[in-house]
Amino acid sequence: AQKVTQAQTEISVVEKEDVTLDCVYETRDTTYYLFWYKQPPSGELVFLIRRNSFDEQNEISGRYSWNFQKSTSSFNFTITASQVVDSAVYFCALSEAGGNTGKLIFGQGTTLQVKP
Amino acid sequence: DGGITQSPKYLFRKEGQNVTLSCEQNLNHDAMYWYRQDPGQGLRLIYYSQIVNDFQKGDIAEGYSVSREKKESFPLTVTSAQKNPTAFYLCASSPVQGITYEQYFGPGTRLTVT
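Order-wise, the sequence lines are chains D and P. Quick note: the first sequence uses our numbering, first residue 8, plus one each step. Quick note: the second sequence uses our numbering, first residue 4, plus one each step.
Careful: at least some of the hints might be erroneous.
Listed next, the in silico DSBU-like pairs over lysine-lysine satisfying Cα-Cα at most 35 Å (straight line) [unchecked claim]: (1) 122(D) - 74(P); (2) 45(D) - 60(P); (3) 23(D) - 45(D); (4) 45(D) - 86(P).
If you anchor each label on the Cβ, the simulated ranges turn out as follows [what the hints assert, rightly or not]: (5) 8(P) - 8(D): 28 to 36 Å; (6) 69(D) - 21(P): 40 to 48 Å; (7) 65(D) - 59(P): 29 to 37 Å; (8) 74(D) - 10(P): 35 to 43 Å; (9) 36(D) - 63(P): 19 to 27 Å; (10) 63(P) - 63(D): 28 to 36 Å; (11) 88(D) - 31(P): 16 to 24 Å; (12) 73(P) - 8(D): 30 to 38 Å; (13) 57(P) - 27(D): 35 to 43 Å; (14) 43(P) - 81(D): 17 to 25 Å.
Treat the hints as calculated values from the structure; they're not laboratory data. Yeah, the Cβ is synthetic: ideal placement off N, Cα and C, and Gly gets one too.
Working from the sequences, and respecting the hints, build out all of it.
Now the structure itself:
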């Protein structure tokens, strides 16, 4: 069965600290996609990144970076020099059935609080 | 501006009443989705539609119904058969059917049933 686990329920950091959000997934598919979304207090989910299973290159976008390791089935997300505006719930998600249905399986989410 | 609209943002209903949540997109996306989010939990898929006049049940479809008569609209009805309807409901769309592109989400509707 496919599953996404975000073991960290809540994380609290002080502004300018680096923070890593963990995501571990389970799938038997050889082709799959992984995603990260941010949900600020307003409620709307904001897309951050999409990665397919054949691309293990790490990615950096400004203060955000993602580490994809198939060997450990992990897709971790790091925020460098965190800011108060980064406070949100972050979700990791996995595509189902190789991506043919368009369905996503979401983790439970990690609530990040960045204190000034 | 292109995007997804959900209305209303807050909705209150009495137990035993059906209620319909609106979802409209002007992104020309083929696929649309409805999710339910409960406090401290991830999103769970209720229904999805990859093309007009066709839709499939998600993981928690019981007590819900949908229609997809137009590409841009995917309304969700929460029926009186849904045992715990109070939740945050999110609608999403993605560009292409059958291939996993990122999903774009609306602002959500918070439904409270008393």
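Consistency of the hints with the structure:
1. Our distance criterion of 35 Å between C-alpha atoms is broken by residue 122(D) and residue 74(P), whose separation comes to about 43 Å.
2. Among the hinted pairs, residue 45(D) with residue 60(P) is consistent with the structure: their alpha-carbon atoms are about 25 Å apart, no more than 35 Å.
3. A C-alpha spacing of about 19 Å is found between residue 23(D) and residue 45(D), which places the hinted pair at or below 35 Å, so the restraint holds.
4. For a cut-off of 35 Å, the pair hint linking residue 45(D) to residue 86(P) stands: about 29 Å separates their Cα positions.
5. For residue 8(P) paired with residue 8(D), a C-beta distance near 35 Å keeps the hint of 28 to 36 Å intact.
6. As the Cβ distance of residue 69(D) to residue 21(P) is approximately 45 Å, the hint placing it in 40 to 48 Å holds.
7. In this structure the supplied range 29 to 37 Å holds for residue 65(D) paired with residue 59(P), their Cβ-Cβ distance being about 35 Å.
8. For the hinted restraint 35 to 43 Å between residue 74(D) and residue 10(P), the CB-CB distance of approximately 39 Å keeps it satisfied.
9. Here the CB-CB span from residue 36(D) to residue 63(P) is close to 22 Å, well matched to the stated 19 to 27 Å.
10. The hinted range of 28 to 36 Å is satisfied by residue 63(P) and residue 63(D), whose Cβ atoms lie roughly 33 Å apart.
11. Restraint check, residue 88(D) to residue 31(P): a C-beta distance of roughly 38 Å breaks the suggested window 16 to 24 Å.
12. In this structure, residue 73(P) and residue 8(D) meet the distance hint of 30 to 38 Å, their C-beta atoms being roughly 35 Å apart.
13. Distance hint for residue 57(P) and residue 27(D): a CB-CB separation of about 41 Å, consistent with the stated range 35 to 43 Å.
14. With their beta carbons about 23 Å apart, residue 43(P) and residue 81(D) fall inside the hinted range of 17 to 25 Å.
Hint check: violations occur at hints 1, 11; the rest are consistent with the structure.
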